[in-house]
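As you go down the protein sequences, you meet chains H and B in turn. Anchor point for the first sequence: position 105 equals 105 in this note's numbering, and the numbering is continuous, going up by one each time. Anchor point for the second sequence: position 135 equals 472 in this note's numbering, and the numbering is continuous, going up by one each time.
Read the hints as simulated data drawn from the structure, not as lab findings. Keep in mind that a hint or two might mislead.
[Said to hold, decoys possible] The list that follows gives simulated cross-link-like pairs (lysine-lysine, DSS-like), each with its CA atoms no further than 27 Å apart:
| no. | chain 1 | residue 1 | chain 2 | residue 2 |
| --- | --- | --- | --- | --- |
| 1 | B | Lys-356 | B | Lys-533 |
| 2 | B | Lys-605 | H | Lys-131 |
| 3 | B | Lys-759 | H | Lys-216 |
| 4 | B | Lys-581 | B | Lys-533 |
| 5 | B | Lys-755 | B | Lys-581 |
| 6 | H | Lys-216 | B | Lys-755 |
As the structure is a prediction and not an experimental result, all values here were calculated from the model.
Chain by chain, the residues run as shown.
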Amino acid sequence: MSLFRELLFPFIAVVAAFTIGGILILIIGDNPLHAYGLLFGSAFSWPVGIGYTLFYATPLIFTGLAVLVAFRCGLLNIGAEGQLYIAAFATAWVGITFTNISSWLLIPLCFIAAILGGGIWGAIPGVLKAKFGSHEVINTIMLNFIAVALLSYFTQYHYKTPGDPIMQTVPIGQEAHIARLGRFIPGLPEFIPLNVAFVLALICCGLVYLFLWRTKWGYELRATGTNPSAAEYGGISVPKQIIMAMTISGALAGMVGINEVLGYRYRYYDGFSDNYGFTGIAVALLQRGGIPVDAFTEHVTKDIVQVLQGTIILFVAAEAFFHGPFAKFGLLKRSTV
Amino acid sequence: MLELRNITKRFGQVVANDKINIVVKPGTIHAIVGENGAGKSTAMRIAYGFYKADEGEILVDGHVHNIETPHDAIALGIGMVHQHFMLVDRMTVAENIVLGAEPGSGIALDLAKASVEIRRLSEEFKLAVNPGAVIERLSVGQQQRVELMKALYRHARLLILDEPTAVLTPQEVEEFFSILRRMREQGKTIVIISHKLTEVLAISDEVTVMRDGRVVGRLQTKETNAAELARLMVGREVLLRVEKTPAKLGSAQLSVRNLSVTVRGGAKPVKDVSFEVRKGEILGIAGVEGNGQTELMEALAGLLSPSQLSGQIRIEDRDITQEGARLRRELGIAHIPEDRHRRGLLLEFDLAENSILGVHYRPPIVAYAGTFLDNGAIRRRADEIIEGFDVRPANPDLPARALSGGNQQKLIIGREFKVDPKLLLVSQPTRGVDIGAIEFIHRKLVGLRDSGCAVLLVSAELEEVTSLSDRLLIIHEGRIVGEVDPKVATIAEIGLLMTRGH
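In isolation and in its complexed conformation, chain B is listed as follows:
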């Protein structure tokens, strides 16, 4: 169906694709895996006419084609769904789908005709897309189906999906995969770009592995496994399973008693939650996203107004329910937030300035009359974090914006570890992070726990939360609905608790 032959693409000095060959057979689901920056997206953007290759040729249905623009690609039956949706929020599904391919003669826009076609396609692939709905009212999963529909409406036979599951909840992923399987049955060909190995193994027929701009493996999904794919992606053995010794439990570091959070409008995202985190353990909280995890962590970090809280939060023997973020940090609470762009980083500030956020007002960062920043000390701290947590590029003068997501995350983790916390609040520690860095972050978290720190972990990745945690709480609609032993509980059991409660 699609073949990339000896494609080379350079961006200045960087060779994004180096003589790559990819063959996608018709009627299959083909996965392209690799770490961030391995060149997966570049290769597919070349196939879609977004970029032009410096060398090499593209074959569609066995013939060489000159794909200059996405229009050429669409004409050949190639469609692409980008990682970030390209939808107009205030317009309807039908309006979005026809955008750029408006039906009707000349001036008149025949939306009714389009709607009929959308309904037919929706029926055929069981997409359950309502052409009249307004985009901003749809869930992320539904919006993604609109993106799929956009490609189908343009008669795409080959769909390229760039990291399609990054934004979906586990339930939505399942639903999404069954849609992909249905499409394959109807004769469509699908290319899925991903770095989530379990998903690749679950959905694909064939896998192409890329690393540093080259193709380093072509495999039949049936004949491979996660360990082999990880090794090919990273170029060395990767421990997928977290290695850790049994927890050496100390006394309670954090005690939460009957904590409820009320937000503006009166909703209660956290309801009467009680638990303890002891020194030397990782307590995990599993749950479908949006079940109160965000508010719980913000409440513990001191980012909500005390008037929104009821119940009690204690650090060792001290009641901190009424205290703000600064005092909590001084008491030894570190926080790795779930949204690193909104909470965790000053994107316009350089790495050095980001490395002192939270300790910027006290020695050794502030010297000279308790007022002036000590640039030498800032520099040293930044260098230590960059070196200790392998932040790349290792240049403290770069703005945080210039780093990849994984390196931004390592910078935040490094900064929060640097304060020698007594309690670490950590949300989604490896979201959007490369597999090599995931292993690194997991090891660091276990190391911190072994040094006697109490760790409270929230993650939407069930595998992550079960393999890291010593104990695991399940949260559902703001309540703790169960505790399981992560060493014995199965994903299915936990999943059941997560979705239905008791």
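Looking at chain H on its own, in the form it has when it is part of the complex:
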């Protein structure tokens, strides 16, 4: 398929969504052009708008990649939400616990904690599927609940500053903070929480691409995703691939914790995720050139933004059910050419 066609469907989806959204805004009694002007004006104004847009996009890049890797192996990871919570807590725990070591050691340790935390929480449903065939959708959803409840408990009873009315842990040590990009980019104020995690997210995009399309492991993972029987025939261990895909998926989701804890709040804040894990599914759907509108939400009510987002997903999903990584979940199959 040509690049033009690749980009055409997401483009049509976005245009159609904005049209329908515009009609809705009209019905409410506002001027859609004015609303969209505010939306785009605030999202893409330099430096504050763009800074926040990229900051909000960072977790969605991670969760989008997470869902995508699992999809490529034929798995639906609904559990990015739980994985990123566990990872955020793990990284905060390291940042709280090891305070008197140098940043050069502590920050990598915090990174590893996030990656391991998310990876392990993702690996659990992977192992359950590989060993017992239990469905990853059910298990990841259940693990989301477990993660949220477990971490609320730890925050409330073990890691909160006594007397603090907010459900959050004590702060992490200064040594664990990662730099905000404002420090390096002239004109970008440092109060904007856009941080090194964004660069990490971009690097991860490249790494995931290389992994999926240029390595033998990516080949095995994708082969398992399109036809596990044929993968098995080619000497690929399907259970191993399922566990690997879910672990990588969880680790990618877990890196949201780096952005959130080390670069933004400098502590674990209970319930911080704005459905990043679930929006990641939409981002994965939009993988060919779409924009997560969730990222720009200043000045326009969140509800309208969600309407737009939902409509885009509907349109893109309509296309993705015909081809793309979701085809196997769809009802309609493309016939032989």
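Please build the complex by placing chain B on the supplied structure of chain H, with the hints as guidance.
Just chain B now, with coordinates in the frame of chain H:
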């Protein structure tokens, strides 16, 4: 009864039918033969109103008719049974048959009335179709009779059957042919699209041969033979009989001792099987499909869990019973599976990616730190396979899905030959493959055997398995029930062993 006159049909640049003329006489069985893509199905779909011809006219009973839709065709007494059945699995036979032509007034559906009619037709043509049965419980052969019934129920006088025997076992084919003969006796006209020459010769009265969208021959079945039909279909001389020299036998490459396979639920599709395949021979296994061949081959290829196996599988001196597919491949076992879509191919992947399945994790495919794929090496391998096995279209960037069945099969065979196997496991190597490609595949298999490889062949085509094999085992209900010398055994003897055992 039916006449296509100067029909031309184009799909974009491709001329599927080029001024074809076909005359089907009433009360006959008329075969239309040709390779895949010769335009047989297109021509008949035009007659059935599925496609509209660009030029030419259709005559039914001597009059020109404008057949725009299948409804028009049905109204003229033309019925068609497609290669892939169009039945609703969860509904009954009667419900399926009346679908689209529901009896009864307005809202009420009078299934009882339909059932009476179905029973009458079933009686008349000896179809043994029970209107109350649910489709998913029926065998493939029975489902096909339901499809026939659908056409008869709509008062079809002319039945078009597209590759009707492709899905049937040899026994079912016999039964099916006697039904067709009965229909002819009752005055029906039948058009059968096929590329199986023996069947065409057995059942038809007249044959139309097509090649590359043109009609290249009109023959009386009585006055022709398989060699002539094959030559017309392919456009050159075709060797129907496999040419091979006596086997130069080496030592045992594969030894199977008391192998049994237990599947979930406790059934044993393979029971206490022992045999050897020696270097330089083709050992054939003949049997009615579903008698354990699939499980036997999967067990040998390492695709079943070791806990399902008992007995012993050895490659030369090494016991591999507990080993997985990857190690077995490394020991020189190649496998051409019976179900190429399920096992043999990654349909969404391109030809280049398919050409490395099984060797994708080691040099020369993997270069750079034992991790990264070498696209140049993948490309070269794909090109070599495509060229060496005449895979068309010769474009390694196409998804495997885009290829015809025969070309998909050539790609798989090429890939498996490429590893220079010591033992080749091959199931149904020519199923759904054109006659020209069949000859090619047979020659390649014999060539591999002559180079000293041990070949284990399973095929439902008796002719294929007898002409290729040096020795022939017969399998029945999971047991080896006999060994025959394929040079002297008759099809009848083998058939007897296949169906009844001892």
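So, going through the hints one by one against the coordinates:
1. About 25 Å separates the Cα atoms of Lys-356/B and Lys-533/B, which keeps this hinted pair within 27 Å; it holds.
2. Simply put, Lys-605/B and Lys-131/H have alpha-carbon atoms about 24 Å apart, close enough for the 27 Å limit, and the pair holds.
3. Taking the CA atoms of Lys-759/B and Lys-216/H, the gap is about 25 Å. The hint holds against a cut of 27 Å.
4. Proximity of Lys-581/B to Lys-533/B is assessed by CA-CA distance (about 23 Å); at most 27 Å being required, the pair is judged to hold.
5. The hinted pair formed by Lys-755/B and Lys-581/B meets the criterion: a straight-line CA distance of about 22 Å does not exceed 27 Å.
6. Taking the CA atoms of Lys-216/H and Lys-755/B, the gap is near 19 Å; set against the 27 Å cutoff, the hint holds.
The structure fails none of the hints (numbered hints given earlier).
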